[in-house]
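2 protein chains.
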Amino acid sequence: MKVAVDAMGGDHAPGEIIQGAVEAARDFGIEVILVGAEPAVQAELKRLGKIPPGVHVQPASEVISTHEEPAMAFRRKKDSSIAVAYRLVRDGQADAVLSAGSTGALLVAGKVLLRAIPGVQRPALVAPLPTRAGKPVLLLDVGANVDSRPEHLVQWAVMASVYAETVWRRNRPSVGLVNIGTEDEKGNALTRATLPLLRQVPGLNFTGYVEPRDVPLGAVDVAVADGFVGNVMLKTFEGVASALFGMVREALKSGPVASLGGLLAKGALRQMAQRVDYAEVGAAPLLGLRHPAFKSHGSSKARAIYSGLRVVREFVGNQTMSQLHTQIARLGPAAGYGEDIVNNE
Amino acid sequence: MKVAVDAMGGDHAPGEIIQGAVEAARDFGIEVILVGAEPAVQAELKRLGKIPPGVHVQPASEVISTHEEPAMAFRRKKDSSIAVAYRLVRDGQADAVLSAGSTGALLVAGKVLLRAIPGVQRPALVAPLPTRAGKPVLLLDVGANVDSRPEHLVQWAVMASVYAETVWRRNRPSVGLVNIGTEDEKGNALTRATLPLLRQVPGLNFTGYVEPRDVPLGAVDVAVADGFVGNVMLKTFEGVASALFGMVREALKSGPVASLGGLLAKGALRQMAQRVDYAEVGAAPLLGLRHPAFKSHGSSKARAIYSGLRVVREFVGNQTMSQLHTQIARLGPAAGYGEDIVNNE
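These protein sequence lines are chains A and B, in that order.
Here the first sequence is numbered in the working numbering, starting from 1 and rising by one per residue.
Here the second sequence is numbered in the working numbering, starting from 346 and rising by one per residue.
By construction, these hints were calculated from the structure, which means they are not laboratory data.
Take these hints with a grain of salt, some might be off.
To be verified - Negatives, chain B to chain A, calculated, CB over 10 Å:
#1 Ala385
#2 Lys395
#3 Gln466
#4 Val512
#5 Arg655
#6 Asn663
#7 Gln672
#8 Gly677
Stated by the list, open to error - Only pairs whose alpha carbons sit at most 30 Å apart, straight line, appear in this in silico DSS-like list of lysine-lysine:
#9 B:Lys480 <-> A:Lys266
#10 B:Lys646 <-> A:Lys186
#11 B:Lys598 <-> A:Lys253
#12 A:Lys266 <-> A:Lys301
#13 B:Lys347 <-> B:Lys422
#14 A:Lys186 <-> B:Lys422
#15 B:Lys480 <-> B:Lys531
Virtual Cβ for every residue (Gly too), placed ideally from N, Cα, C.
Let the hints inform the model, and build the full structure from the sequences given.
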């Protein structure tokens with residue numbers, strides 16, 4: 001199994017990205033192709049010392065930054081690390097691609113170079129969120145698509161269910177539709193139109209509406225929402241967590257007694273914080289593309305890339321992609337899911 | 346100043362509600378009219394002992410529970426505590442109304458009995474959220490309206506700005522439009538259509554898009570969103586806070602050393618938790634009605650009702666209502682804000 005890794009994407013590229021990829025190649029029995037500016041990549045590899053076999057380098061002379069308009073940057077920079085890495089996958093020279101770079105550029109690259117699974121109208125961006133219950137929840141779409149239609153949400157629900165089953169080994173993963181109430185008549189036009197469609201999908205363990213309050217508590221395995229709403233949830237999640245952790249830290253420095261308490265509780269609190277850390281999750285798929293493409297958090301360090309490549313290995317090794325094709329085909333054009341917007345864009 | 350208090354609304358009614366109202370009447374120089382089942386109310390008053398002057402009782406024989414369909418319950422139960430309390434305000438026998446009861450029923454009562462300020466198309470539900478910065482942010486709409494139109498958001502922004510200025514005494518309160526990015530072209534159809542309208546409102550300190558991540562950090566005084574999105578933010582906020590507090594509590598019991606640390610840090614952590622507590626905020630207005638109407642959290646105890654009545658006093662005492670009328674009139678029918686949907690429903 002070969003994974004193309006964008007060595008230039010993310011706040012800590014290329015050093016931390018390369019370190020995580022090299023460690024993953026050593027531990028997971030996979031090959032990695034580091035895509036990026038060759039001198040920089042070689043310098044990092046030299047710094048790391050002993051490089052395991054199965055670590056390759058593919059030169060790419062340009063980098064797309066997160067500050068650039070994604071579509072324009074992608075079109076202009078033909079030799080960007082993202083474009084080169086995605087082409088390796090498209091051309092069969094790699095089985096999957098991982099990047100911590102510009103989300104917008106990854107989506108464009110995915111749609112243009114990898115294209116959507118036949119029948120999939122809109123690929124979605126997924127975020128695995130930590131929960132109180134311990135096991136993460138798969139939230140989607142978290143920003144790839146706004147003003148979505150009911151059929152989009154149905155396809156995302158089906159694909160995320162396949163992902164939770166094959167990659168996370170969840171048994172009959174439960175799927176909830178994010179809504180501001182649990183009664184049928186609650187919600188907006190989109191949720192009310194999507195509810196009956198999701199109920200009709202054979203084999204899907206759809207459990208109805210789920211309130212945003214219950215998602216961080218672990219009420220469902222998969223939470224489906226329009227990309228605007230999913231992104232708002234994800235960012236509210238991040239904002240509240242950051243504000244609260246900051247306040248706890250402050251409280252534990254607010255006086256000599258509290259400080260001593262904080263010192264004693266430090267280990268336990270750090271362990272707790274780790275449970276809700278991005279680095280543990282590692283990477284999230286761009287669901288709906290014809291080839292496995294993964295996104296790591298922009299602030300990923302070596303540990304996150306390492307964890308991310310373990311997720312990629314699970315995805316590629318467990319036939320997730322063929323299951324996605326099968327289940328999307330099963331939804332069928334009869335139900336009106338055949339139109340292929342993305343590939344005609 | 347007289348405030349009608351729904352003695353029967355909320356999880357801890359009537360005991361805690363009445364206690365909070367009686368304490369407020371004693372401390373804030375206001376009169377309260379306790380609306381509810383007379384025997385129950387009188388029994389609670391007797392239990393409390395010495396009752397200050399200015400505490401009145403208005404009988405209401407029925408109660409609307411949160412499990413009932415709001416519109417139907419409101420229509421069927423003509424003598425519900427909510428309906429009786431709202432009628433007192435409509436008929437000029439009270440200056441404001443406060444309830445911790447069914448949000449849906451309060452919205453129906455507000456629209457039917459109090460009606461909207463001339464020009465206001467959709468009254469909105471507000472939630473004051475605690476922030477890292479210490480001072481709360483006003484988030485609206487948090488669920489009264491879904492599938493909103495740009496004009497609705499503009500009216501909410503203007504009204505919330507008046508509220509933050511007159512009730513919270515913020516100087517030129519900053520107003521942000523909740524969005525999943527800060528560049529003009531980011532967002533969905535609604536945010537992109539609302540952005541230029543908000544920029545044109547004279548006198549409004551509109552600071553552009555605000556990301557949900559920055560709201561709990563205190564980036565703006567007012568955050569405006571469609572009611573579906575606002576409710577998702579509010580409930581994600583609650584869910585994440587509850588999950589994290591639970592995890593911190595667990596971590597501080599996870600072993601003898603951590604437990605000792607937790608014991609020492611207890612006071613500081615409790616003080617911190619208080620800063621993000623509903624009871625401190627007390628009550629939120631239903632913005633856009635012709636009379637002051639407030640909602641307290643369903644789980645309110647005496648302290649929350651007490652704090653809530655202090656907010657009501659600020660609202661009534663600072664001419665907030667006349668400012669709302671003035672600013673909405675200033676937006677003007679020329680801008681297309683004249684249509685009065687609610688009052689024609």
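Here is what the structure says about each hint:
no.: 1; hint: Ala385; result: holds (29 Å)
no.: 2; hint: Lys395; result: holds (38 Å)
no.: 3; hint: Gln466; result: holds (17 Å)
no.: 4; hint: Val512; result: holds (23 Å)
no.: 5; hint: Arg655; result: holds (24 Å)
no.: 6; hint: Asn663; result: holds (29 Å)
no.: 7; hint: Gln672; result: holds (27 Å)
no.: 8; hint: Gly677; result: holds (29 Å)
no.: 9; hint: B:Lys480 <-> A:Lys266; result: holds (28 Å)
no.: 10; hint: B:Lys646 <-> A:Lys186; result: holds (28 Å)
no.: 11; hint: B:Lys598 <-> A:Lys253; result: holds (20 Å)
no.: 12; hint: A:Lys266 <-> A:Lys301; result: holds (22 Å)
no.: 13; hint: B:Lys347 <-> B:Lys422; result: holds (24 Å)
no.: 14; hint: A:Lys186 <-> B:Lys422; result: holds (22 Å)
no.: 15; hint: B:Lys480 <-> B:Lys531; result: holds (28 Å)
Every hint from the earlier list agrees with this structure, and none is contradicted.
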